[in-house]
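Trainee: These are the residues of each chain, in order.
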Amino acid sequence: MNPINVLIVDDEELARCLIREYLRAHPDIVIVGEAEHGLDAVKQINALNPDLIFLDIQMPKLTGLEVLELTGRQAGVIFTTAYDQYALKAFDLHAIDYLLKPFSQTRFDEALAQARKSIAQLVNPQATAIQQLLSVPGKLLDRILIRDRTQVHVIPVDKMEYVEAQDDYISIVSDAKSYLKTQSLSELEAQLDPKKFVRVHRSYLINIEQLKSIERSTKDSHVAIMRSGKQIPISRTGYERIRQIM
Amino acid sequence: MRKLMWYLMAWLLAGVVIAALLVTMANISWGAGLGFAIPVSLIYGFVAASAFYVCRSLPFEKRQFLLTLVIFGGASLLSGLMWLLLCYAWNYLAQAIRHSFLYGADTDSNLTVNLIVITQPMSVMLFVAGCGFYLLSILVHDVLIALDNMRLADRRAAESRVQARDAELQVLRTQINPHFLFNSLNSISALTSIDPIAARTMTLELAQFFRQTLALSEKEQIPLTDEISLCRHFLAIEKIRFGKKLQSDIQVSDTAQTALIPPMLLQPCIENAIKHGIRDLTEGGTITLRAMTRGDWLHVTIENPVDINPSTTVGNGLGLKNSQQRLRSLYGEKARISWTRNTEFFIVEIAIPLSIVNL
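Chains as they are written, first to last, in the numbering used here: chain A, 1 to 246; chain B, 247 to 605.
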């Protein structure tokens, strides 16, 4: 049997120690790496492609869930957390295994046995579960993650000025810089607070807080003037939407 | 409505007094005296109600002897004059009414033009009475305003007590931070096999921390040194968790040691400094706490380095706003908590009126 490669992600040295200790009982497992924070985890997951990840949720830089979103990783994950009401509820909902700190060796072994089984299977039941978890409706985003080759940009949604749809991707403009992300505008719109972000046009989503004024451009079309001076066309339905909010 | 009744009753009484004075002084009939004095008094009552505004324009704390004398004196002299004019006017009008009532439109009859004959000493007496009534009105309004203020202050105090209690509850709720507890237990669990002595130390620190939290949060105010000791226990635990990433530097001046502060004011700040500051830094950093007294104030500053790229979940400032609300309900506008963030540091500054524990 091939050895199982494991990555441990936790910002606390002692928490990683504990997992190392519990893993000692399983000689077929090789610890290939340890990460102290989310960004490091993203890098290591990409570089090492471990079979199994022990992933803390509450971490600096990026949370465990954001690490998964960025790496697109959907299987071979055991979450570890001390207390996170939201995450726990989501895990229970999607039947994803997690370890609640502090956990015992027995509980740890159980989770590991479960993980072994799913790693052995070609079709992974965890995949769909994690995918569902990451696209839980009803939870509003407060920052947007953008992967740009080796770098990861984290953009707080409040700083976002507007988003423009372009072919298969969207261009997010924040602090006079624009970032490309492969996602549809509607998908992003659904994850943002509808009181703050308005789809003023088929291809534009704007941040109300960055809006300076609305001007009439022709007899029955309007244009949004942003604080930066950028002008964004407003469609008729978009105008209705923005009027409802303001 | 009832207030108005009482007010009119008072002026009615004033009218009777004037009438009595007139009857004894000028030897006129009671009928004429009352007929003259009562309507004038009632009308004057409305003029004298202006005393309320005079009183309010000059709140107690702004009153200087001379200024008060000039304003109150001037107002009452002016009103006295108005009162005298009112007396004359009514005296004339009343007679005219009486005349037309008694004799129809026959204006030829050569009766007296006025209801009563106002002699010079009577004018003086009326003027003095007008001034006096106005001054009396000022006094009464002053007392009423003072009573009103007292009631308002009472209500405010009660409200702020309720608010303070709410804030206390909030503090209690937040201080039992489940994250902190479970993570600490996880650390202890890890330590038991690696370093049993450290595991025991951490257990004891954790117990001490919770015991002190419970003891302190029952009190309204505690000496700063007690809160600092609580912070030290908290830091000791977090230092075991985060290792050498977390450093602290606490300096409290001798005079500040015994200064009184509300419990659990600083500990949440330290907790935030770790959660939103040190924890995000790969290299870690030092939390600096300085406490000193300056004049009648206790100043506390808590400073921690932060990640230059504020990409991580920056706190929502709820904890600090909560502290702010708490200070406001305890000290009103006299205490202050402010926070600033520059590219490298997050700084919380607290200023509280100095009160020293009596040992």
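Check the hints yourself; a few may be wrong.
[As the list claims (entries may be wrong)] Calculated lysine to aspartate or glutamate pairs in the EDC-like style (CA-CA distance at most 16 Å, straight line):
{"no.": "1", "chain 1": "B", "residue 1": "K491", "chain 2": "A", "residue 2": "D97"}
{"no.": "2", "chain 1": "A", "residue 1": "K181", "chain 2": "A", "residue 2": "D148"}
{"no.": "3", "chain 1": "B", "residue 1": "K308", "chain 2": "B", "residue 2": "D400"}
{"no.": "4", "chain 1": "B", "residue 1": "K491", "chain 2": "A", "residue 2": "D51"}
{"no.": "5", "chain 1": "B", "residue 1": "K490", "chain 2": "A", "residue 2": "D148"}
{"no.": "6", "chain 1": "A", "residue 1": "K117", "chain 2": "A", "residue 2": "D148"}
{"no.": "7", "chain 1": "B", "residue 1": "K491", "chain 2": "B", "residue 2": "D553"}
{"no.": "8", "chain 1": "B", "residue 1": "K490", "chain 2": "A", "residue 2": "D97"}
{"no.": "9", "chain 1": "B", "residue 1": "K485", "chain 2": "A", "residue 2": "E13"}
{"no.": "10", "chain 1": "B", "residue 1": "K491", "chain 2": "B", "residue 2": "E466"}
Please keep in mind that the hints were generated in silico from the structure rather than gathered at the bench.
All figures in this text were calculated on a predicted structure; none of them were measured in a lab.
Trainee: Decide, hint by hint, whether the structure agrees.
Mentor: Results for each hint:
no., hint, verdict
1, K491/B x D97/A, "31 Å, violated"
2, K181/A x D148/A, "9 Å, holds"
3, K308/B x D400/B, "21 Å, violated"
4, K491/B x D51/A, "30 Å, violated"
5, K490/B x D148/A, "33 Å, violated"
6, K117/A x D148/A, "34 Å, violated"
7, K491/B x D553/B, "14 Å, holds"
8, K490/B x D97/A, "32 Å, violated"
9, K485/B x E13/A, "11 Å, holds"
10, K491/B x E466/B, "34 Å, violated"
In summary, the numbered hints that this structure violates are 1, 3, 4, 5, 6, 8 and 10.
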